[in-house]
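Protein chains in written order, with numbering that gives the first Met the number 0: chain A, 0 to 282; chain B, 0 to 153.
Bear in mind the hints are in silico, worked out from the structure with no lab data behind them. Do not rely on the hints blindly, as some may be mistaken.
[What the hints assert, rightly or not] Think about it this way: if two alpha-carbon atoms lie no more than 27 Å apart in a straight line, the pair counts; the simulated BS3-like pairs of lysine-lysine are:
no.: 1; chain 1: B; residue 1: 1; chain 2: A; residue 2: 68
no.: 2; chain 1: B; residue 1: 1; chain 2: A; residue 2: 40
no.: 3; chain 1: B; residue 1: 53; chain 2: A; residue 2: 40
no.: 4; chain 1: B; residue 1: 53; chain 2: B; residue 2: 1
no.: 5; chain 1: A; residue 1: 40; chain 2: A; residue 2: 27
no.: 6; chain 1: A; residue 1: 27; chain 2: B; residue 2: 1
no.: 7; chain 1: A; residue 1: 27; chain 2: B; residue 2: 53
no.: 8; chain 1: A; residue 1: 40; chain 2: A; residue 2: 68
no.: 9; chain 1: B; residue 1: 142; chain 2: B; residue 2: 53
Keep in mind the model is a prediction, meaning the values are calculated, not measured.
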Amino acid sequence: MWPAEFDYTRPSSVAEALQLLSDNEDAKLLAGGHSLLPAMKLRLNEAPLLIDISRIEGLGSISNNGSLKIGALCTHAEIAASADVQSSCSALATATGMVGDQQVRNWGTLGGNVAHADPASDPPTVLVAFDANINIEGASGSRSVAASDFFMDLFTVDLEPGEIITSIDIPDHPHEGCAYVKMPHPASRYAVVGICVVLHRDGGSCSGAHVAVGGATVRAMRSPGAEAALRGSSLDDAALDAAAAALKDDIANDLIGDMSFPEAYRQEMAGVYLKRAVKAAGG
Amino acid sequence: MKISVNVNGSAQENDVEARTLLVNYLRDELGLTGTKIGCDTSQCGACTVHMDGKALKSCTCLAVQADGCDITTIEGLAQNGDLHPMQQSFWDNHGLQCGFCTPGMIMTTTALLADNPNPDEDEIRHGLEGNLCRCTGYHNIVKAVAAVAQAGGD
Numbered sequence: 000m001w002p003a004e005f006d007y008t009r010p011s012s013v014a015e016a017l018q019l020l021s022d023n024e025d026a027k028l029l030a031g032g033h034s035l036l037p038a039m040k041l042r043l044n045e046a047p048l049l050i051d052i053s054r055i056e057g058l059g060s061i062s063n064n065g066s067l068k069i070g071a072l073c074t075h076a077e078i079a080a081s082a083d084v085q086s087s088c089s090a091l092a093t094a095t096g097m098v099g100d101q102q103v104r105n106w107g108t109l110g111g112n113v114a115h116a117d118p119a120s121d122p123p124t125v126l127v128a129f130d131a132n133i134n135i136e137g138a139s140g141s142r143s144v145a146a147s148d149f150f151m152d153l154f155t156v157d158l159e160p161g162e163i164i165t166s167i168d169i170p171d172h173p174h175e176g177c178a179y180v181k182m183p184h185p186a187s188r189y190a191v192v193g194i195c196v197v198l199h200r201d202g203g204s205c206s207g208a209h210v211a212v213g214g215a216t217v218r219a220m221r222s223p224g225a226e227a228a229l230r231g232s233s234l235d236d237a238a239l240d241a242a243a244a245a246l247k248d249d250i251a252n253d254l255i256g257d258m259s260f261p262e263a264y265r266q267e268m269a270g271v272y273l274k275r276a277v278k279a280a281g282g
Numbered sequence: 000m001k002i003s004v005n006v007n008g009s010a011q012e013n014d015v016e017a018r019t020l021l022v023n024y025l026r027d028e029l030g031l032t033g034t035k036i037g038c039d040t041s042q043c044g045a046c047t048v049h050m051d052g053k054a055l056k057s058c059t060c061l062a063v064q065a066d067g068c069d070i071t072t073i074e075g076l077a078q079n080g081d082l083h084p085m086q087q088s089f090w091d092n093h094g095l096q097c098g099f100c101t102p103g104m105i106m107t108t109t110a111l112l113a114d115n116p117n118p119d120e121d122e123i124r125h126g127l128e129g130n131l132c133r134c135t136g137y138h139n140i141v142k143a144v145a146a147v148a149q150a151g152g153d
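Isolated chain A, as found in the complex (with noise of 0.2 Å):
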């Protein structure tokens, strides 16, 4: 399958790169390709215009000084194998490496993965758990964007045509455990199910959490009512069936399904996973 026809260009720096979106309106940003390229295969997306930030010095580092910061042209495979990310934000490590395959997480970009937003991929759940920054570089300067706030809707962030992501921030976030766990789907390993959670200990109770939900649901979020029923409990089963029932209640009008996934079943699996990465970050 070829994709509809287009020009190429391979701009050498970020201005470059912006004074090419502007100039082309319709354009569109190549960086990994691993998910602009089937779409376009498919012919669900085309554009006159292909931008290959690819080779753009300075978007592929991953640095920790305090926070951790992560360049959007990093690799599902770089992030899933960086020290720094394991010891700060292991969650991360474990769903960048569930990304696709090998082979695809060896070119697809942490940057385009956002950038794309599909519901059912993993890392944008981690990354709304741990109150991550996706940083944006446009014409008019830059801005940062709570990962809450940038995941808006299916396949929809808060990205205007002529911005460029070029980092993602994640700020130091000191906890005493944390997981990501998932139900892959059998055939594609997407999440059909994807739940993040973070948990801060005092002694055998709960000090706080985070949890975040994807893949049942059009965007990955933030389930406050999970968060309040975890908080100051031992992380007994009573307080583990009220998490997952309040999360259930969270996402009732946000989730997804399809014939062989319905909704009420990725609702029921969501309180399910909730208790398994409870578990899994040592709840």
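Got chain A; can you put chain B on it based on the hints?
Just chain B, lined up with the frame of chain A:
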């Protein structure tokens, strides 16, 4: 667009349409038909090659993205008429039936052993997630990879 690609150690210069996929470039422009087109939707892995040493599904990459890169295909593994150890091991362990998935399997698993020279069975199976075989049930493929690792890799 003019591109320069180093394919199996040989410098290639070609003029390609921007929308040409790497797999079509390799097969149709260069005549390297060992790389197969299976699903053409980034799932089956039959088109796997190495780009700058990393396994890549060449149906999900434009030829222009490979400009300036090193590409290795299944044709580039055997040296002086001797099969690569992974090719030999697939033969010895009967790691194939129809053979259609085999070039992709071998390119993926040679990259796997380069990253992790001593994988256990789980790691081999996990590493083969992106490659589908519709004949063998994978058992002998896993045996073939484990045998290469045991013999000291490639």
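Do the hints match the structure? See the list:
1. 1(B) with 68(A): violated, 36 Å
2. 1(B) with 40(A): Holds, at roughly 22 Å.
3. 53(B) with 40(A): Measuring from Cα to Cα gives roughly 23 Å; hence the hint holds.
4. 53(B) with 1(B): OK: residue 53(B) and residue 1(B) at ~23 Å, within 27 Å.
5. 40(A) with 27(A): holds, 15 Å
6. 27(A) with 1(B): Holds, at about 21 Å.
7. 27(A) with 53(B): holds, 25 Å
8. 40(A) with 68(A): Distance ~33 Å between residue 40(A) and residue 68(A) Cα, so the pair is violated.
9. 142(B) with 53(B): The hint holds at about 23 Å.
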